[in-house]
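This is what each chain is made of:
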Amino acid sequence: MSVFLLLTLISIFNIIIRFFNSSARFNSSLTAFVPVVLYFYLANYFKRKKIALISSFIFSLLPQTVALGRIASPVNFQVFLFLLFLICFSYIRKISVRIGLFFLWFYISFLTFRGFWFYHSYPQNSVYKLMENIFNLTSFNLLFFNNVTYYWGGVRENGILYIALLPFFLIGLFTLIRSKTTNIISVTAVIFILTVMSPSYPESKEIFMAFPMLSAVTGRGFYELWHRNNLLNRLFTGFLILFLIYETAQFLHYYFIHFPLE
Amino acid sequence: MFKINKAVFFLILILSLATCLRLWKLDSIPPSLYSDEANLGYNAYSILKTFRDEHGIFLPVSLRSFGDWKPPLPAYLMIPPIYLFGLNEFSVRLPSAILGVGSVFLIYRLVNLIFLSASFRGKAALLSAFFLALSPWHLLQSRASMLVMVALYFLQLGVYFFLKGKTDRRNFYWGSLFLTVTFYAYYGMRLISPLLFLILIIYNYREFFRKKIWLKSFLIVLLMITPLILGFIKNPDVVFGRAKTVSVFYDRGTDLRLWELTTQDGISADPLITRFFHNRPYQFGKKILSNFFTHFHGKFLFLEGDKSQPFETPGMGILYLFDGIFIPAGLFISLKLRSSFGKFFVIWLIISIFPAALTFMVPSSNRTFNAVIPLSVYFSLGFYYFSRKIHSRILAALFLTVVYFSAFTYFMKIYFISIPENYSHIWNYGWKQATGFVQKQAADYDNIIVSDVGMPYIYFLFYNKYDPARFQKEAVRSYAADQFGFEHVLGFNKYLFINEMDWRETKNSLMDNTLYLVHKDRMGEEVGSAEVIKYQSGLPAVNIFRN
Numbered sequence: 151m152s153v154f155l156l157l158t159l160i161s162i163f164n165i166i167i168r169f170f171n172s173s174a175r176f177n178s179s180l181t182a183f184v185p186v187v188l189y190f191y192l193a194n195y196f197k198r199k200k201i202a203l204i205s206s207f208i209f210s211l212l213p214q215t216v217a218l219g220r221i222a223s224p225v226n227f228q229v230f231l232f233l234l235f236l237i238c239f240s241y242i243r244k245i246s247v248r249i250g251l252f253f254l255w256f257y258i259s260f261l262t263f264r265g266f267w268f269y270h271s272y273p274q275n276s277v278y279k280l281m282e283n284i285f286n287l288t289s290f291n292l293l294f295f296n297n298v299t300y301y302w303g304g305v306r307e308n309g310i311l312y313i314a315l316l317p318f319f320l321i322g323l324f325t326l327i328r329s330k331t332t333n334i335i336s337v338t339a340v341i342f343i344l345t346v347m348s349p350s351y352p353e354s355k356e357i358f359m360a361f362p363m364l365s366a367v368t369g370r371g372f373y374e375l376w377h378r379n380n381l382l383n384r385l386f387t388g389f390l391i392l393f394l395i396y397e398t399a400q401f402l403h404y405y406f407i408h409f410p411l412e
Numbered sequence: 009m010f011k012i013n014k015a016v017f018f019l020i021l022i023l024s025l026a027t028c029l030r031l032w033k034l035d036s037i038p039p040s041l042y043s044d045e046a047n048l049g050y051n052a053y054s055i056l057k058t059f060r061d062e063h064g065i066f067l068p069v070s071l072r073s074f075g076d077w078k079p080p081l082p083a084y085l086m087i088p089p090i091y092l093f094g095l096n097e098f099s100v101r102l103p104s105a106i107l108g109v110g111s112v113f114l115i116y117r118l119v120n121l122i123f124l125s126a127s128f129r130g131k132a133a134l135l136s137a138f139f140l141a142l143s144p145w146h147l148l149q150s151r152a153s154m155l156v157m158v159a160l161y162f163l164q165l166g167v168y169f170f171l172k173g174k175t176d177r178r179n180f181y182w183g184s185l186f187l188t189v190t191f192y193a194y195y196g197m198r199l200i201s202p203l204l205f206l207i208l209i210i211y212n213y214r215e216f217f218r219k220k221i222w223l224k225s226f227l228i229v230l231l232m233i234t235p236l237i238l239g240f241i242k243n244p245d246v247v248f249g250r251a252k253t254v255s256v257f258y259d260r261g262t263d264l265r266l267w268e269l270t271t272q273d274g275i276s277a278d279p280l281i282t283r284f285f286h287n288r289p290y291q292f293g294k295k296i297l298s299n300f301f302t303h304f305h306g307k308f309l310f311l312e313g314d315k316s317q318p319f320e321t322p323g324m325g326i327l328y329l330f331d332g333i334f335i336p337a338g339l340f341i342s343l344k345l346r347s348s349f350g351k352f353f354v355i356w357l358i359i360s361i362f363p364a365a366l367t368f369m370v371p372s373s374n375r376t377f378n379a380v381i382p383l384s385v386y387f388s389l390g391f392y393y394f395s396r397k398i399h400s401r402i403l404a405a406l407f408l409t410v411v412y413f414s415a416f417t418y419f420m421k422i423y424f425i426s427i428p429e430n431y432s433h434i435w436n437y438g439w440k441q442a443t444g445f446v447q448k449q450a451a452d453y454d455n456i457i458v459s460d461v462g463m464p465y466i467y468f469l470f471y472n473k474y475d476p477a478r479f480q481k482e483a484v485r486s487y488a489a490d491q492f493g494f495e496h497v498l499g500f501n502k503y504l505f506i507n508e509m510d511w512r513e514t515k516n517s518l519m520d521n522t523l524y525l526v527h528k529d530r531m532g533e534e535v536g537s538a539e540v541i542k543y544q545s546g547l548p549a550v551n552i553f554r555n
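Those protein sequence lines, which keep their order, are chains A and B.
Heads up, the first sequence is in this note's numbering, so the first residue is 151 and it goes up one at a time.
Heads up, the second sequence is in this note's numbering, so the first residue is 9 and it goes up one at a time.
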């Protein structure tokens, strides 16, 4: 099947999941195309379309992507803008243009994302609190079991990623470090540092900007595991895919049935 | 020749340091015997005098103790020091301290053996031993008599001999023997040791399945676990007694959440769909996985540590903050190594944490103690890797030494000064002093009533060296487990222990000619006792009233 057909299917899935019983139409329609932008960025970054496609799909499935995509949150546009900026950044080599681009992005972000703590508050100044925040943010608990970074509650029953994605994430991280392809990890680290410095942490909007990167790490791990021609790996991956489907169904059931009640 | 001598020299230095750190002021730091330590000590004393434990069981294969069914090996190991030095804190803690030093020596041998073909093995082995000797986690468990140190030592010994089986197959027998011995040291080992045993067999299957070695090894295992099997046939609690009360399945929270979600689905929902989404396997599976990964939380490892008594080290984690840089690096190097033994410690780490994930009080430094070995090895690998990367070796060594010794000094200050002075309550301080006080007055009173906080009966037995044969006959027990699964002694001789005593109510109906010992947790806002036993910080611990 052609890559573009699959990409179209991912977009359709994103549009459906956002428009189903939701009122935040403009915001939703915009975020439905974030996976497409992510695809183009990662296709160029990894030089492998499959990894980009898998990562985009993983990003579309994430609980917070769905939850935020269905509400009018300024961070949706920021992720879209951020990825566009990264694409431009990866194609442009001239330093002066890059600096200009960075300031342009900063300016647009300043105008459209006033909720970002950096524009109106001082950072967290207690070293102990900063360390505590870093450990919380990088914990398995937050990543896979209990995402407490939502503003005003949110779907805390799930982590940032599904549990089924844990092996892929770890393999992806290991592969990226081993191959010294660490740009994605560096970008994630910068966003994480900005997040932990927020005085309102753990509630955080800006952390959502790291989600495409986390999806990319996971996608890389999935690709690595699947492409080792080994029956055991394939069986394990198959099992994890089935579990991922079950977990996604769990999340959607929780989101549509239990979340409004709670 | 010179190289060997140099390694031996450094090893002797490390072992001397480990010995000093583990034996210095062993009787007074930690500031008091914790109830579990006193219990093991008194049971050892009881076995020494009567061949029976406090419950009157002849040479027990599991100590019923407080209803937590402690494996008996640590108590048996205390018998020689108690015989030699008497029933006191030093004798009780001595086996753990000695085995703690032994564990430092064994990590040196293990790393040398596992990374046999690696160029860095000598340095990595010395570094591992050094970091284990200074590890706060290892030091805390070595200086307290808490089962896990004994278990870890025999586990290391078992793994070491099993790996040595490659060169001399008779070592498989020793390996099998020591791995099975751990069953009698700590209940978590009944899960950890078989899993490690299986992994070791997979690693050595060619040698192990030759010339009926496997058969003889299995016979040794069978012979060793026979007492446990016989004990289990008589009373299943011998094996599952503790597991029943600390198991994640014992915690009602998960079931209640399941009930809540099922109810929210409503009566109109298809029962099949409801069961598909809300079922015990998924909920408990998620809980167990979450418990497992909680043990890798940086806050637990580097900032706060174990918050449960008495494993708390206020103001720091179970590892130094500094370790957070080197352990991930070491783990990465270990995974990159081509040798399958490089990955052995990863498996060891995972297996060590698995039993704790099945319990509901997480994260736990006690139940995951075996992980200290792989983590020390990773630290040494990471440290070695970084030191190789830095060009100015002297500057790097100086910097690392200063940072590491600052962290170590901070831990020493907390452990040797702050805990005795300000946190002695963590170790149930006060009961020894109360026992001493009561001993002088006991003859003047008909009854001595004690608020049952921290199992005080065991302190009265331990410090009075109460005749075990007499206690076995006199002890009044309900054998009913409290909310944490513990069974209480209601009384013996003229002592009465009241579990839920509230002094504000008790004081209104006092018995004549009775001495009351009330723990501060049972006092409420009341003041004005006749005598007060104080913590070393000066705050009241036990209040004494006369009537």
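It should be emphasised that the hints constitute simulated quantities derived from the structure, not laboratory data.
Please note: incorrect hints may appear among the correct ones.
Partner residues are not named here, just some residues of chain B that face chain A (Cβ under 8 angstroms, in silico) [as the list claims (entries may be wrong)]:
id	residue
1	Q272
2	I296
3	F340
4	R346
5	K473
Label pairs and their calculated CB-CB ranges [to be verified]:
id	chain 1	residue 1	chain 2	residue 2	range
6	B	A277	A	L180	30 to 40 angstroms
7	A	I162	B	D278	21 to 31 angstroms
8	A	N380	B	I425	53 to 63 angstroms
Think of the CB as a built atom: it goes at the ideal place given N, C-alpha and C, for glycine as much as any other residue.
Right, here's what the structure says about each hint:
1. At a threshold of 8 angstroms, the smallest CB-CB gap from B:Q272 to chain A is about 5 angstroms, leaving the interface hint in force.
2. Against a cut-off of 8 angstroms between C-beta atoms, the interface hint on B:I296 is violated, since the closest Cβ of chain A lies about 11 angstroms away.
3. With its C-beta approaching chain A no nearer than about 6 angstroms, B:F340 sits inside the 8 angstroms limit, and its interface hint holds.
4. A hinted interface residue such as B:R346 counts as satisfied when its beta carbon comes closer than 8 angstroms to some beta carbon of chain A; here the least separation is about 13 angstroms, so the hint is violated.
5. For the restraint placing B:K473 at the interface with chain A, the shortest Cβ-Cβ distance is roughly 46 angstroms, beyond the 8 angstroms limit, so the hint is violated.
6. Checked against the hint of 30 to 40 angstroms, the C-beta distance between B:A277 and A:L180 comes to roughly 34 angstroms, which is consistent with it.
7. Hint check: A:I162 to B:D278, Cβ distance near 28 angstroms, so the stated range 21 to 31 angstroms holds.
8. Take A:N380 and B:I425: their Cβ atoms lie about 56 angstroms apart, and the range 53 to 63 angstroms holds.
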